[in-house]
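Protein chains in written order, with the UniProt record's numbering: chain A, 1 to 314; chain B, 1 to 283.
Derived from the structure by calculation, the hints contain no laboratory data. Any given hint might turn out to be false.
Below 30 Å or equal to it, Euclidean Cα-Cα: the simulated DSSO-like pairs (lysine-lysine) are [to be verified]:
#: 1; chain 1: A; residue 1: K111; chain 2: A; residue 2: K89
#: 2; chain 1: B; residue 1: K12; chain 2: A; residue 2: K218
#: 3; chain 1: A; residue 1: K59; chain 2: A; residue 2: K89
#: 4; chain 1: A; residue 1: K200; chain 2: A; residue 2: K218
#: 5; chain 1: B; residue 1: K170; chain 2: A; residue 2: K200
#: 6; chain 1: B; residue 1: K114; chain 2: B; residue 2: K170
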Amino acid sequence: MATFTYFPDIAPGHPRATITAFERDYAARRRQARLWWAIGTAIFLTLFMWTSWLGDFFKVTQVTLPDGSRDWRWIIPAGLPRLGEYVEKMIPVLRWETLGADLAEWFWRWKTWAALLLETVLIAFMATVFGVVGGLLLSFPASRNLAPNRAILWITRRYLEIARTVPELVFALIFVFCFSVGPLAGVLAIGLHTAGALGKLYSEANENIDMRPLDGVKAAGGTWFDQIRYGVVPQVLPNVISYTLLRFEINVRASSIIGYVGAGGLGQEFRTAMSLQEYTDLSALFVIILVTVTVIDYGSERLRHRIIGLGERA
Amino acid sequence: MTITATDIARAKARMPEAFRAPLPVRLRRIALWTGFGLLFGYCLWAFNFAPARIVEGIGRLGNVLGFMFPPHVWDNWEDFAEVLNGLGETLAMAFLGTVLGAVFAFPLSFLGAKNINRLSFLRLGVRRGYDVIRAVETLILALIFIRAFGLGPLAGILAIAVSEIGTFAKLFSEAIENTSERPVDGVRAAGGSRLQSIRYAILPQVNPVLLSVILYNFESNVRSGTILGIVGAGGIGFLLSDRISAYRWDEAWSIIFLIIAMVYLVDWLSGLIRSRFIGTWNA
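Isolated chain A, as found in the complex (with noise of 0.2 Å):
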């Protein structure tokens, strides 16, 4: 690589003179990237340290020895074994000649399981639902370009900010005060969840459409609401469908482990086996919210790809 250290003083007007001068500049240029670069990796090393000691990291933990004792041990090679030990009891026993009754053992819940399984869908349906209506609503005055007057945009876009930055499970734990335990709050935990994330998509939606067809509808008469239902909604409703499609299969997600502080779906049934130590309980559950999931993901792929494909076409 080359240096440029040594610049010879060469008068102005040396056909020599530009390209000393861009040496020098890009030279000095160098430095400053260098400098930039030293300054951040010191930054982030220091953000490291502080964090990793902040997280545990070098937390020292006591571990009992294979001969009883017991001894102090850095925290991570003392959890690794118990993390083995822990996947190794979940996996059931699976023999080839009696495939079908270890299957039904390792699975001897079902029925509740199918039961609650379908809770948890039907909760992340409800709770798509209530959060499309109320973001949809909500989208149209948290768009720059439609809202009333400057304190509505202000107010809508707060609201929804602080709806999408609560996460559902702390919804679900006040919800769980107010409607007692139940599916109940956690549709209204996740359908408010949901309002205030699709409510910023849709507003980012709805900002990026032409308003010639508002200005049309404006013309004829309309008032704003038809604005909206006219020139607006064809517009943005490929976006809006691709959108809620994409938030049910997030939404299947989070009623799958809602349950866990009592707003129904299958996480309560992962509550009980994590405290009754049901090990390959929580496999089976594990198998179940990954097959569903994959389901979900997979079919609205497949439907979304379709209306969207049909939207384009019309």
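We have chain A already, so just place chain B on it with the hints.
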């Protein structure tokens, strides 16, 4: 010129489909909406959306919201330090989880990229691996790690890191697939090895994309990291769920406000970094 009813009737007779969808389309629409309505009604019934229950719940929600004012202000340093420590732990979990996830996903992502890994069966196998990791919820991973490493932020960090490996590896390998082949040809023509072509032809192209993906996922991990504490994996979520289960709503609300403030701050900062590094490169 005004349009009369006869004009409309004539137009309808000439082009019926402009006024009314054809019968099969209409039937399908009716069937879809009926199915939707029936499912919705069944859910309302199954989930017991009884008006009395809703009214009662909203009344109780009103009470809870009433506890928001006046919001709790921590008057002694010890209590406030606990909350600040919780917020710091959440940020630390999100940061370290994202960094570790990115570090492990980076080499893996090359295995999943079509233009690097030409062995299609290996590539597809690796990709399914990413999918499986992504399908497992972070919260469930956290529950598993808590069993191994005990309660605390380490479980949260590992949970975020593992689930981010799946996400990052997928996004990174897509970014690598979207690079131009020409710089690679250039490096090869100059006699560069395979590693050199990755270092000098592919990395400069993907770096801004990777940085942007990492920043974006860091933001979303700050959001999702706040709930990991609810199951015991450290951070502000633990304090929040503790306050809620003790019905100390005023403190709970104050913590929620602090979480929102923290998320805003992170969004703003990462927006700054993004425009500083990536915005100028794209321009």
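How the hints compare with the structure:
1. K111(A) to K89(A): Holds, because 23 Å separates the two Cα atoms, which is no more than 30 Å.
2. K12(B) to K218(A): holds, 25 Å
3. K59(A) to K89(A): holds, 26 Å
4. K200(A) to K218(A): holds, 25 Å
5. K170(B) to K200(A): holds, 25 Å
6. K114(B) to K170(B): With a Cα-Cα distance of about 12 Å, the restraint between K114(B) and K170(B) holds, given a limit of 30 Å.
Taken one by one, the earlier hints all hold for this structure without exception.
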